[in-house]
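Could you build all of it, start to finish, from the sequences and the hints given here?
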Amino acid sequence: REKAILLQEVQHRVANSLQIIASVLMQSARKVQSGEAREHLQSAHNRVMSIAAVQRQLAASALGEVALRPYLTQLCESLGASMIRDPRRLSISVHADESAVDARVSVSLGLIVTELVINALKHAFPGRRKGRIVVDYRSESSDWMLSVSDDGIGIPDGAEAPQPGLGTGIVDALSGQFYAKIRIIDTQPGTSICVGYEGLAEVGHPAPRAA
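For the record, in the sequence shown the residue sitting at position 39 is 39 according to the UniProt record's numbering, with numbers rising by one throughout.
Be a bit skeptical, because a hint or two may be false.
Pair ranges (Cβ atoms, derived) [said to hold, decoys possible]:
(1) I20 <-> R138: 33 to 41 Å
(2) R85 <-> S28: 15 to 23 Å
(3) S141 <-> Q27: 40 to 48 Å
(4) I20 <-> S91: 34 to 42 Å
(5) P87 <-> I155: 36 to 44 Å
(6) P189 <-> R69: 21 to 29 Å
(7) Q33 <-> R104: 20 to 28 Å
(8) D97 <-> S34: 38 to 46 Å
(9) P156 <-> R128: 33 to 41 Å
(10) A173 <-> H40: 12 to 20 Å
(11) V32 <-> D172: 22 to 30 Å
(12) R129 <-> Q33: 21 to 29 Å
Below, in silico cross-link-like pairs of lysine-lysine (BS3-like), each with a Cα-Cα straight-line distance of 30 Å or less [to be verified]:
(13) K181 <-> K122
(14) K31 <-> K122
(15) K130 <-> K31
What the hints contain is simulated information worked out from the structure, not anything from laboratory work.
Beta carbons are placed, not taken as given, at the ideal position from N, Cα and C, and that holds for glycine.
Given below as structure tokens:
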């Protein structure tokens with residue numbers, strides 16, 4: 001009992017420390033003159049916030065697991081607060097089942113969501129276009145699917161469907177930890193990027209599982 005309380009206190013302090021680091025990064029991003037440097041600092045801020053959100057959920061849990069619905073909701077609220085200037089123009093919503101996963105898995109899933117949401121915010125809504133982004137997570141037995149969808153400009157007419165990669169190796173690397181596949185779908189309007197695996201338990205690799 002005492003060890004559990006101590007662990008929760010440590011996780012709470014880690015979350016607070018990460019929050020401070022994220023705040024420093026955001027303050028630095030606002031001060032720099034270089035647009036490229038500002039973008040890198042904002043990206044670092046968002047990734048730190050992703051991990052901080054995991055620590056908060058762990059501090060609130062006595063099981064050492066992270067419930068994905070509140071975690072992803074909190075994460076997307078943080079992303080929206082830092083990247084969306086007008087919430088009336090753009091919104092991010094989360095649809096997730098009752099799955100709970102261990103901290104290692106939740107960090108990877110959170111970073112995947114962070115990268116895909118940032119990608120959509122940067123590219124799907126040019127010219128102050130209105131729209132929304134939906135993050136969805138579903139699991140059944142050993143099968144699971146995470147998707148980030150938007151109703152933005154989508155894939156231009158005549159253009160080939162983009163190959164997995166999205167300009168960053170982060171999503172590919174994190175998906176590879178789960179032996180997951182990445183699919184990019186032209187939903188007209190918008191784009192949906194799905195990361196998931198079917199029959200993961202059959203090949204002996206741990207899958208995100210329902211609580």
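A quick look at each hint next to the structure:
Between I20 and R138, the C-beta spacing of about 35 Å keeps the proposed range 33 to 41 Å intact. As the Cβ distance of R85 to S28 is approximately 19 Å, the hint placing it in 15 to 23 Å holds. Taking the beta carbon of each, S141 and Q27 are about 45 Å apart, inside 40 to 48 Å as hinted. At roughly 28 Å, the beta carbons of I20 and S91 sit outside the given window of 34 to 42 Å.
A beta carbon spacing of about 26 Å between P87 and I155 contradicts the range 36 to 44 Å that was offered as a hint. Distance hint check for P189 and R69: the Cβ-Cβ separation is about 26 Å, which falls inside the suggested range of 21 to 29 Å. The hinted window of 20 to 28 Å between Q33 and R104 is violated, with their beta carbons roughly 38 Å apart. For D97 and S34, the Cβ-Cβ distance of about 42 Å falls inside the hinted range of 38 to 46 Å, so the restraint holds.
Between P156 and R128 the CB atoms are about 19 Å apart, so this pair departs from the stated range of 33 to 41 Å. With their beta carbons about 18 Å apart, A173 and H40 fall inside the hinted range of 12 to 20 Å. Distance hint for V32 and D172: a CB-CB separation of about 29 Å, consistent with the stated range 22 to 30 Å. Restraint check, R129 to Q33: a C-beta distance of roughly 28 Å satisfies the suggested window 21 to 29 Å.
For the hint pairing K181 with K122, the CA-to-CA distance comes to about 23 Å; that is within 30 Å, so the pair holds. Note on K31 and K122: the hinted pairing holds, with a Cα-Cα distance of about 21 Å set against a maximum of 30 Å. Distance check on the hinted pair: K130 and K31 sit about 28 Å apart at the alpha-carbon level, within 30 Å; holds.
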